[in-house]
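Sequences listed follow chains E and B, in order.
Numbers given in our numbering equal positions in the first sequence, counted from 1, plus 787.
Numbers given in our numbering equal positions in the second sequence, counted from 1, plus 104.
One thing to keep in mind: the hints can contain errors.
Only part of the chain E face toward chain B is listed, based on derived beta-carbon distances under 7 Å [stated by the list, open to error]:
#	residue
1	V797
2	A808
3	V812
4	L835
5	A882
6	L884
If you are wondering where the hints come from, they were derived from the structure by calculation, not from laboratory data.
Please read these numbers as outputs of a predicted model, since none were measured by experiment.
Here a beta-carbon is modelled for each residue, glycine too, at the ideal position from N, C-alpha and C.
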Amino acid sequence: MTTMNGLDEVIHQSTRLRIMAALHVMKADEWIEFMHLKALLGASDGNLGAHLETLSKAGYIESSKQIAGKKPLTRIRPTPAGRAAYHGHVAALRALLGM
Amino acid sequence: MITKEQAQDMLASVAWTEQRSTQYFNLAQYGRYGQLWGAILAVGHAICFFWPGNEPMVLVCSDIVAALLMPFLRNNDTTPKRATDRRIWAAAAILVAFAAVAAYLVGPDLRGVEVLWTCMIMSGFMLRGLLTGNRWIALGLVGAIASVLAYIYLGSWYHIAMATTLGGALLLAGTWLRTAR
């Protein structure tokens with residue numbers, strides 16, 4: 788989902804770009820909980836949930852829902868396609884600046 | 105189409121978020137352990153101060169309780185767990201071996217041995233800080249300096265000083281680590 792100048796339309800939105808930046812530093816076998824990602828980004832439940840849904844539909848993240856004790860636990864991690872798209876997007880931003 | 109200023113802002117936001125996320129994965133998960141050790145050390149030293157006479161037993165029991173509670177905390181911890189590099193475990197083993205020899209040479213001075221161990225552990229935190237973040241360095245410095253000052257200058261108030269400075273420093277450091285995002 789790239790535009791002419793190499794930017795990814797899905798990741799271009801600022802919150803989704805920050806989500807992918809936060810997930811990008813994770814190792815392949817790591818997950819992050821929804822609540823921790825929310826605290827990391829300073830986002831609201833609804834806002835983060837909507838953007839995660841968009842990223843998930845694009846195949847850029849995967850999520851796992853479990854029950855821990857009596858609480859629902861949603862964990863998130865980037866997919867290889869998501870990582871590649873993020874790398875491409877950041878590279879395109881740098882290219883725009885001639886970096 | 106976006107302007108160069110917008111691209112610059114986006115890259116700055118990306119760099120900032122990546123840095124916060126890295127800190128979170130490298131630091132926040134250890135905060136609970138700092139708080140646990142801080143609380144148990146504070147209670148142990150407070151017991152030694154108010155009911156003197158059983159220092160070795162109380163302090164050893166404090167360490168055992170803390171060591172037993174750590175796996176429990178880990179199992180109930182929902183923060184992301186990042187596996188510790190084997191080289192860090194090897195470095196820790198070298199420090200522990202060195203401290204064991206030094207403690208043997210220090211002799212029967214219980215407080216001296218405790219401060220020695222504290223300083224060795226804090227040195228480990230500082231070394232780790234060189235790799236993963238300045239908060240470890242600050243934690244190690246505060247803990248080491250607090251325990252040495254308490255040992256040298258606060259003779260009869262040693263335990264209460266350790267309870268407040270070392271215990272308090274670990275509690276605060278744990279809280280600080282947990283908010284590393």
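Consistency of the hints with the structure:
1. Proximity of V797 (chain E) to chain B is violated relative to the hint, the smallest CB-CB distance being about 14 Å (cut-off 7 Å).
2. Interface restraint check: A808 (chain E) against chain B, minimum CB-CB distance 4 Å, threshold 7 Å, status holds.
3. Among the interface hints, the one on V812 (chain E) holds; its C-beta lies about 5 Å from the nearest C-beta in chain B, closer than the 7 Å criterion.
4. For L835 (chain E), the interface hint is violated, since its Cβ never comes within 7 Å of a Cβ in chain B; the closest pair sits about 13 Å apart.
5. The interface hint given for A882 (chain E) is violated, since its Cβ lies 9 Å from the closest Cβ of chain B, which is over the 7 Å cut-off.
6. Restraint check, L884 (chain E) versus chain B: the minimum CB separation of about 5 Å is within 7 Å; hint holds.
The structure does not agree with the numbered hints 1, 4 and 5 stated previously, though it agrees with the rest.
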